[in-house]
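*Asks:* These protein sequence lines map, in sequence, to chains Y and Z.
Residue 215 in our numbering is what sits at position 215 of the first sequence, and the numbering runs on without skipping anything.
Residue 26 in our numbering is what sits at position 26 of the second sequence, and the numbering runs on without skipping anything.
Just so you know, the hints here were simulated from the structure itself, not pulled from any lab data.
For glycine and all other residues, C-beta sits at the position ideal for the given N, C-alpha and C.
Misleading hints may appear alongside valid ones.
[Claimed, not checked] A short list of chain Z residues far from chain Y (calculated; beta carbon distances all over 12 Å):
| # | residue |
| --- | --- |
| 1 | H6 |
| 2 | Q12 |
| 3 | Q22 |
| 4 | G38 |
| 5 | V43 |
| 6 | P61 |
| 7 | A91 |
| 8 | G139 |
| 9 | G265 |
| 10 | T271 |
[Stated by the list, open to error] Derived Cβ-Cβ restraints for the label pairs, each shown as a range:
| # | chain 1 | residue 1 | chain 2 | residue 2 | range |
| --- | --- | --- | --- | --- | --- |
| 11 | Y | D129 | Z | A216 | 41 to 47 Å |
| 12 | Z | M113 | Y | K108 | 30 to 36 Å |
| 13 | Z | I24 | Y | G126 | 49 to 55 Å |
| 14 | Y | R239 | Z | L272 | 44 to 50 Å |
| 15 | Y | G174 | Z | M113 | 54 to 60 Å |
| 16 | Y | D56 | Z | P109 | 48 to 54 Å |
| 17 | Z | P109 | Y | G174 | 51 to 57 Å |
Take a look at the letters that make up each chain.
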Amino acid sequence: MLLSCENVRKTFGATVVLDDLSLAVDEHQVVALIGASGSGKSTLLRCVNLLTGIDDGTIRLDGEDITDPRVDPDRVRQRIGMVFQSYNLFPHMTVLRNITLAPERVHKRAAAEIRAQALEWLGRVGLADKADSYPDRLSGGQQQRVAIVRALVNSPRLLLLDEVTSALDPELVGEVLTMIRGLKDEGMTMVLATHEMGFARQVADRVVFLDGGRVLEEGPPEQVLGDPTQARTRQFLARIIEAGRL
Amino acid sequence: MSDQLHRPSEIQRGRIAYRRRQTIRSVLLAALSTAVVGVLLAVAVTGAPGWDRVRQSFFSPEVARRYLPDILEGLWLNVRLLVVCAVLALALGLLIATLRTLRGPVFFPVRAMATGYTYTFRGLPLIIVIYLMAFGIPGLRLQGTPGVLVLGGAALVVTYGAYLAEVFRAGIESVHPSQLAAARSLGLTYRQTMRHVVLPQAIRRVAPPLLNDTVALQKDVGLVSLAGPIDAVRAAQIGVAQDANYTPYIVAGVLFVLLALPLIGVTDWVTLRAARRQSAGA
Chain Y
1 MLLSCENVRK TFGATVVLDD LSLAVDEHQV VALIGASGSG KSTLLRCVNL LTGIDDGTIR
61 LDGEDITDPR VDPDRVRQRI GMVFQSYNLF PHMTVLRNIT LAPERVHKRA AAEIRAQALE
121 WLGRVGLADK ADSYPDRLSG GQQQRVAIVR ALVNSPRLLL LDEVTSALDP ELVGEVLTMI
181 RGLKDEGMTM VLATHEMGFA RQVADRVVFL DGGRVLEEGP PEQVLGDPTQ ARTRQFLARI
241 IEAGRL
Chain Z
1 MSDQLHRPSE IQRGRIAYRR RQTIRSVLLA ALSTAVVGVL LAVAVTGAPG WDRVRQSFFS
61 PEVARRYLPD ILEGLWLNVR LLVVCAVLAL ALGLLIATLR TLRGPVFFPV RAMATGYTYT
121 FRGLPLIIVI YLMAFGIPGL RLQGTPGVLV LGGAALVVTY GAYLAEVFRA GIESVHPSQL
181 AAARSLGLTY RQTMRHVVLP QAIRRVAPPL LNDTVALQKD VGLVSLAGPI DAVRAAQIGV
241 AQDANYTPYI VAGVLFVLLA LPLIGVTDWV TLRAARRQSA GA
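Okay, chain Z solo, but in the shape it has when bound (with noise of 0.2 Å):
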């Protein structure tokens, strides 16, 4: 109320006009150099001597309409991929954290197990893990093994599952021990602890990486390729080798970039929100 009544003195209206033409300055010269550089790029990529050749093979308007829509196709797969993949992943990933936070000598082995698969399969690539799964396990020929794209996605879970329990377990011991001892304090058994108290701090805490990884996950899904079904990378893979044309590698490319900006923009939106939360409190 009184902010509107207040009149800004001569000093404080010098600042603000000072304060308003470094801005003006300041959007001019961002332009000025954007420009700049915008330009120089351009004449760099267009100026190169084989630069035909180049937008022939990579850029052909024509060849990206022919294979959009089977790309599109492809994509589709990849999306639903992505989502099952990465609520699986997220669950075993938040199951492995939960294991190894297991006290008592019983759970010894369980302990074992799960920091063994977590140090595994953060060090072993994905590559292989798809090669093992998508072609080792039908190599046992034994009854009711599910298709290639499910051992593929498999694969995708056993390898994400790893890095995201980690992230997980990062959360979990970030929660301040005298939030331990509050609830301890109040007689919660260690179980009901981990339940009410840790692990639901621990995962507000850990959504921003685990969203970035969410996003690693969006780009890994195209390697399931590699175990056969057609996915976006596969489709653009058949239209290169058709047309001996690399433009359809770069139609899935763009159409994966746009793929993952929400999946960005959310991650970003929920990292700010924890920054701000954090300022706020305490």
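Isolated chain Y (complex conformation) (with noise of 0.2 Å):
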């Protein structure tokens, strides 16, 4: 087992976001989160990325407990990919640079070969002849690769993935999803926050509903998505057909 969240909770002042959650992820597996906006689905992600605090619990990676106080973030982070809906590429600096920054910084491998690798990347996902580009000069769509990239040439064990299509342009989500199928016959570990039902249903391995901050009901695409038990499931599938997104 890769990732394991054990009785994960987590509040805001009075607002309980996680509540006694558990969760398990082994290696080579993509889990989809899905749930209503506030189910704790992102919340979940920035405490596996140690990004904000638990206040009970226990979450593990490769067996290690890494909410111990005594455990460094950095470090674990350095095994964690993440990226976030609004791709929060760096504006100051190139894509290239963005990419770089962190192998060279962070992991201190040698600017040649990081150079090269992150230029192999972008040529996989149609950017080469962004490499020098600001972000700004860069659809969202292509934004969004490129954070994913940047996140990639760490080599995670584990990528977190944080409803990285909600701020994209329809006619844009599909390029950033095709990159991460390509992702998952790679065998990358993901864990994905999402609205994408069908996207969800495609790629994933197993689906979890998270209701107030607990895990309502997981299992395989087919049965949480076309057969769910929970009436709270089939209600949260309801509004979604009735929206037009599954």
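Assembly of the complex is requested from the two constituent chains, each provided in isolation within its own frame, with the hints serving as guidance.
*Replies:* Here you go:
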């Protein structure tokens, strides 16, 4: 087991965002987190990446308790990649520099080797000609692909994707989803929070429905999305279908 | 390409002609109103009962010619002092702003001192700082005390350093938390995040207000004359005392404005460029 969250609790003031939540992710597995806004999907990802602390429970990565206060969070994050809804590229750096910064400064790899790897990645996702552009010259879909490459060059054990297509125009969603599908084929372990039910069905090995900070239902995509056992899940999916998103 | 082939329609040609007429009308109106205001001002000032006396004691070409060389020589001191003080104050401001972002209990005294410094020197009038530094420190009779020029410059640096530190801090705080999250998620340490992600963006963003403070410093450099060195203001003061005529002050004032113009021009240009970049991005 690569990642395991055990009885995780997270509160913001009086609001309980994650409530005794448990979740396990095996290596090479793709897990899709679905649920309404505020159900705790993004918060869970941020907790796993130690961007925010938890109030109870344990999160283990490769068996190591990463929520132990004695653990250096920087070392943990070196093993986890994260992609954000609004890309969060560094606007003052070129695309290439965005990608090479962490390998150079954090992983202390040779500049020439990183550059070659970054250019190869950019070529694979069709952005070779954008290496020297600044992020504001790129479309949302292009920026998000760069953000994914930026996470991947660090060879993370686990990739967290936080609603990575939510800020994109509909015609740009496809190019990002294609890229993620490619990562699945290469065996990348991923946890993704998503509103794209169709995509969750295609790419996920397991779909987890969060409601009020708890795992209400989980299982293979066909079961959770096609034949949910819980009334809340059915209600949620009915609203999604109503909105034309499934 | 197609733009050149496109022939505007009847309606569009009418609009263009109308707009052109409106533009000509605005220009003529502006010229007329400027002329009227100018004439009124000139009549009011030169028609004032005391104008002849004022012209003699403030705008005497003869006195201006006599003291211009001395004032120019003094101005050269101001320019050198400005460059050195601006660089040092910027460095100090950035240092203080960075110290205030340090985290962890070990750095508490550093943070507290940096905060206390910005609070004190933003409140303390520059004149008092100059007196304290230029007259107080030599009064200690320590060996190797620098001259009043250096001490006066130091007063400028510590005072402006406090202002600039706040400008830098505002810039640091304006960088969106999502940038920090992205940097930390890549495994960058807090320090690396500040250095590579936060500070470069912060400095770019506050370049216009920083330059604006440099223009203000340009003026206040004249205050070191209080400590004794003969800068443009001091040279003018000597002229005033010798001839009992205020013209040297006017000369010095004009020179200060001329000195500020290029700096103000650069500030406006940088501000415009920043605004344009911001509207182009995102």
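*Asks:* Compare the structure with each hint and give your call.
*Replies:* Now the hints, each set against the structure:
1. Z:H6, annotated as away from the interface, keeps every beta carbon of chain Y farther than 12 Å; the closest lies near 28 Å.
2. No Cβ of chain Y comes within 12 Å of the Cβ of Z:Q12; the nearest lies about 32 Å off, and the non-interface call holds.
3. Non-interface call for Z:Q22 relative to chain Y: holds, since the shortest CB-CB distance, roughly 36 Å, exceeds 12 Å.
4. Every Cβ of chain Y is farther than 12 Å from the Cβ of Z:G38; the closest lies at roughly 46 Å, confirming the non-interface assignment.
5. With a cut of 12 Å on Cβ distances, Z:V43 stays outside the contact zone with chain Y, its closest approach being about 54 Å.
6. Non-interface status of Z:P61 relative to chain Y is upheld: no Cβ of that chain comes within 12 Å, the nearest being about 52 Å off.
7. Separation of Z:A91 from chain Y is adequate, the least Cβ-Cβ distance of about 21 Å exceeding the 12 Å criterion.
8. Every CB of chain Y is more than 12 Å from the CB of Z:G139 (nearest about 48 Å), matching its label as outside the interface.
9. Every C-beta of chain Y lies more than 12 Å from that of Z:G265, the closest at about 25 Å, which supports listing it as non-interface.
10. Annotated as non-interface, Z:T271 keeps its C-beta farther than 12 Å from every C-beta of chain Y; the closest such distance is 18 Å.
11. Judged by the Cβ atoms, the range 41 to 47 Å given for Y:D129 and Z:A216 holds: they are separated by roughly 46 Å.
12. A hinted range of 30 to 36 Å for the beta carbons of Z:M113 and Y:K108 is consistent with their spacing of about 34 Å.
13. A C-beta distance of roughly 53 Å is found between Z:I24 and Y:G126, which places it inside the suggested range of 49 to 55 Å.
14. Taken as a hint, the range 44 to 50 Å holds for the pair Y:R239 and Z:L272, whose Cβ atoms sit roughly 48 Å apart.
15. Taking 54 to 60 Å as the suggested C-beta distance range, the pair Y:G174 and Z:M113 conforms, at roughly 55 Å.
16. Taking 48 to 54 Å as the suggested C-beta distance range, the pair Y:D56 and Z:P109 does not conform, at roughly 34 Å.
17. Under the hint 51 to 57 Å, the C-beta atoms of Z:P109 and Y:G174, about 56 Å apart, fit the expected range.
When the structure is compared with the earlier hints, a violation turns up for hint 16 alone.
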